[in-house]
Amino acid sequence: MSRPPASSGDDLKPVVMRPGFGAYLRETWQRRDFAMAIAGGELRGQHMDSVLGNLWHVLNPLLLAGVYYLVFGVLLDISRGVENFPAFIVIGVFVFHYSQKTIITGSGAVVSNEGLIRSIRFPRAILPLATVVGHSIAFLPAIVVMLAIVMATGEVPGPEWVLLAPALLLQSVFNLGAALIVARLTDLFRDIENVLPYVFRLAFYGSGVLYFPSRFVSDPAVLAFFDFNPFFAFVSLARGPLLAEMAIEPLHVAVAVGWTLALLVGGFIFFRAGEDRYGRG
Amino acid sequence: MTGERPAEPVTDPAGRHSGDGAEHARAEPTVVCESVDITYRVYEDRRQSLRSLVASKFKSRESRAIEAVKDVSFTAYAGEAIGVIGSNGSGKSTLLRAIGGLMPVTDGRILVRGSAALLGVGAALQPKVSGRRNVLLGGLALGLSRKEIEERFDEIVEFAGLEDAIDLPLRTYSSGMRARLQFAISSAVRPDVLLIDEALAVGDKSFRARSQGRIDELRAAAGTIFLVSHSMGVIKGTCTRVLWLEQGVLKADGSPKEVVKAYDAAT
Numbered sequence: 001m002s003r004p005p006a007s008s009g010d011d012l013k014p015v016v017m018r019p020g021f022g023a024y025l026r027e028t029w030q031r032r033d034f035a036m037a038i039a040g041g042e043l044r045g046q047h048m049d050s051v052l053g054n055l056w057h058v059l060n061p062l063l064l065a066g067v068y069y070l071v072f073g074v075l076l077d078i079s080r081g082v083e084n085f086p087a088f089i090v091i092g093v094f095v096f097h098y099s100q101k102t103i104i105t106g107s108g109a110v111v112s113n114e115g116l117i118r119s120i121r122f123p124r125a126i127l128p129l130a131t132v133v134g135h136s137i138a139f140l141p142a143i144v145v146m147l148a149i150v151m152a153t154g155e156v157p158g159p160e161w162v163l164l165a166p167a168l169l170l171q172s173v174f175n176l177g178a179a180l181i182v183a184r185l186t187d188l189f190r191d192i193e194n195v196l197p198y199v200f201r202l203a204f205y206g207s208g209v210l211y212f213p214s215r216f217v218s219d220p221a222v223l224a225f226f227d228f229n230p231f232f233a234f235v236s237l238a239r240g241p242l243l244a245e246m247a248i249e250p251l252h253v254a255v256a257v258g259w260t261l262a263l264l265v266g267g268f269i270f271f272r273a274g275e276d277r278y279g280r281g
Numbered sequence: 282m283t284g285e286r287p288a289e290p291v292t293d294p295a296g297r298h299s300g301d302g303a304e305h306a307r308a309e310p311t312v313v314c315e316s317v318d319i320t321y322r323v324y325e326d327r328r329q330s331l332r333s334l335v336a337s338k339f340k341s342r343e344s345r346a347i348e349a350v351k352d353v354s355f356t357a358y359a360g361e362a363i364g365v366i367g368s369n370g371s372g373k374s375t376l377l378r379a380i381g382g383l384m385p386v387t388d389g390r391i392l393v394r395g396s397a398a399l400l401g402v403g404a405a406l407q408p409k410v411s412g413r414r415n416v417l418l419g420g421l422a423l424g425l426s427r428k429e430i431e432e433r434f435d436e437i438v439e440f441a442g443l444e445d446a447i448d449l450p451l452r453t454y455s456s457g458m459r460a461r462l463q464f465a466i467s468s469a470v471r472p473d474v475l476l477i478d479e480a481l482a483v484g485d486k487s488f489r490a491r492s493q494g495r496i497d498e499l500r501a502a503a504g505t506i507f508l509v510s511h512s513m514g515v516i517k518g519t520c521t522r523v524l525w526l527e528q529g530v531l532k533a534d535g536s537p538k539e540v541v542k543a544y545d546a547a548t
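Chains as they are written, first to last, in my numbering: chain A, 1 to 281; chain B, 282 to 548.
Errors might be hidden in some of the hints.
[Stated by the list, open to error] The calculated lysine-lysine pairs, modelled on DSS-like cross-linking and capped at a C-alpha distance of 27 Å, are: (1) Lys351/B x Lys13/A; (2) Lys517/B x Lys486/B; (3) Lys409/B x Lys428/B; (4) Lys409/B x Lys101/A; (5) Lys351/B x Lys538/B; (6) Lys351/B x Lys542/B.
[As the list claims (entries may be wrong)] Sample of chain B residues at the chain A side, in silico, Cβ under 8 Å: (7) Pro310; (8) Gly382; (9) Gly389; (10) Arg390; (11) Ile391; (12) Val393; (13) Arg394; (14) Gly401; (15) Val402; (16) Arg414; (17) Met458; (18) Ala460; (19) Arg489; (20) Ile496; (21) Leu499; (22) Ala501.
Simulated from the structure, these hints should not be mistaken for laboratory data. Where a beta carbon is used, it is the ideal one built from N, C-alpha and C, also for glycine.
The shape of chain A in the complex, shown without the other chains (with noise of 0.2 Å):
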């Protein structure tokens, strides 16, 4: 086809819905900026919901530690050994529940999104990122908050504290890749989005969230579990750097660092596979 000097420059092209791979991740990088935007609009608007707004992302996480340190601390006292346990406690319920609100939040980013869906062309990809961008701000102050209960409780701040910044960086990787594969197993099966929390609040007891393993089992194969579980990764490298007592582990980063590559390059292969059935009942 001969171009005219006249036209827009571009030459007739086939309409193609899914991208390679290679371009699907180059596609999804140029329009981070419309994640950053879904995010910050939703961030927004949800402050104007309730009085308290978005002191709710803060409010979440400490009430439930609050909780689990009434029952879990004071009254059934399973601490078995662990110094501080209010730190313990506190870190180990921040860290999950951020893994835990990004991930079933983005379970519904594709079948919440239908209308979107349909009528706008962008890499879906977009949708799951949004979710994890949005509850990644959102995690900031409860950071903030977090840090101040542990200091609050005696630890002395250091510069192993830093290390708590690439820790989390890695985790909201890994809550990518999670996202990506729970949303597009939701728009497959609308039933998952009523399992996950079940799987969570197991989860939630099988990682060490509320109690430090090895002093309760010893079971090598249970152990074993507790070692390969990601969540229980991401705590323990939470509570190395902020914690006198307790160290970062070279096997919790392997862990960590192994399941956030495997999620995000499966979660992308997995999640754009279905991009040309998204939206389409």
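Chain A is already provided as a structure; the job is to place chain B on it using the hints.
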């Protein structure tokens, strides 16, 4: 759907490629549809649940194939405003969505020069945030950069006539204000091919005149407009060419006067 099949076929679809040859001898094709079939499946239950999957022993759902578009071929040229008419369920919207890349074709192919966008930014807007943020959101949704949106911001607001309300949340807008904002954002993107689905009859008289002006502008800039409408007045007033779809088949393709006359005679 009227159920009535047109009694006399007036404009012969076979003549559609040569029909407007003289006018477009030098114009560039912008959209080419080659023997396009679009078939999609609709299911009895909208969505499969695990329970029904187990209950049916993992057999697939009861489904019905809908042949929405059957063997449609045409070439659209730069500068054309093409009306798409036909009774409800005749495949007009499906065809538009396929050109816009929102619906896969089953057979045949569609070629587009440049970008094709459906006028439907409404779904990207968020009711709780201000009109200002929604201009950003809608512009980004349609693929503009932040910088491009900033450059066109004043023009969009002025075109929508929302200078006084732009900092109010979208949910406080009337439906007319909302529709004006949507049209202003969508058309500010200046896609090469703009697809409009029954959206033109919005706003008051002066806004309709302005939208008509915007459409003419886009056509002059070597763009192509597709307009699905049931209002023959709008079609005749806006379009330079009309496609008539009936039950997924292209029944006629020609000048608005002829095709609308044939369509009116048949319905």
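We went through each hint and held it up to the structure:
1. With a CA separation close to 22 Å, the supplied pair lysine 351/B and lysine 13/A stays within the 27 Å bound.
2. Restraint check for lysine 517/B and lysine 486/B: satisfied, since their Cα atoms lie roughly 17 Å apart, inside the 27 Å limit.
3. Simply put, lysine 409/B and lysine 428/B have alpha-carbon atoms about 24 Å apart, close enough for the 27 Å limit, and the pair holds.
4. Note on lysine 409/B and lysine 101/A: the hinted pairing holds, with a Cα-Cα distance of about 22 Å set against a maximum of 27 Å.
5. In summary, the hint linking lysine 351/B to lysine 538/B is supported, as the alpha carbons are separated by about 25 Å, within the 27 Å threshold.
6. About 23 Å separates the Cα atoms of lysine 351/B and lysine 542/B, which keeps this hinted pair within 27 Å; it holds.
7. Contact between proline 310/B and chain A, as hinted, is supported at the beta carbon level, the nearest pair being about 6 Å apart and thus within 8 Å.
8. With a least beta-carbon distance of about 5 Å to chain A, the hint placing glycine 382/B at the interface is held under the 8 Å criterion.
9. With its C-beta approaching chain A no nearer than about 11 Å, glycine 389/B sits outside the 8 Å limit, and its interface hint is violated.
10. Taken as an interface hint, arginine 390/B checks out: its beta carbon lies about 6 Å from the nearest beta carbon of chain A, inside 8 Å.
11. For isoleucine 391/B, the shortest C-beta to C-beta distance to chain A is roughly 5 Å, which falls under 8 Å, so the interface hint holds.
12. Taken as an interface hint, valine 393/B checks out: its beta carbon lies about 6 Å from the nearest beta carbon of chain A, inside 8 Å.
13. Taken as an interface hint, arginine 394/B checks out: its beta carbon lies about 5 Å from the nearest beta carbon of chain A, inside 8 Å.
14. The restraint placing glycine 401/B at the interface with chain A holds, with a minimum CB-CB distance near 3 Å, inside the 8 Å limit.
15. Evaluation of the valine 402/B hint against chain A yields a held restraint, the C-beta minimum of about 7 Å falling below 8 Å.
16. The interface hint given for arginine 414/B is met, as the beta carbon of that residue sits about 6 Å from the closest beta carbon of chain A, less than 8 Å.
17. Taken as an interface hint, methionine 458/B does not check out: its beta carbon lies about 18 Å from the nearest beta carbon of chain A, beyond 8 Å.
18. Contact between alanine 460/B and chain A, as hinted, is not supported at the beta carbon level, the nearest pair being about 14 Å apart and thus beyond 8 Å.
19. Against a cut-off of 8 Å between C-beta atoms, the interface hint on arginine 489/B is violated, since the closest Cβ of chain A lies about 22 Å away.
20. Checking isoleucine 496/B against chain A by beta carbon gives a least distance of about 17 Å; that is not within 8 Å, so the hint is violated.
21. Interface restraint check for leucine 499/B: the shortest CB-CB distance to chain A comes to about 11 Å, outside 8 Å, so the restraint is violated.
22. Using the Cβ-Cβ criterion of 8 Å, the hint placing alanine 501/B at the interface with chain A is not satisfied: the shortest such distance is roughly 11 Å.
In this structure, the hints that do not hold are numbers 9, 17, 18, 19, 20, 21, 22, in rising order.
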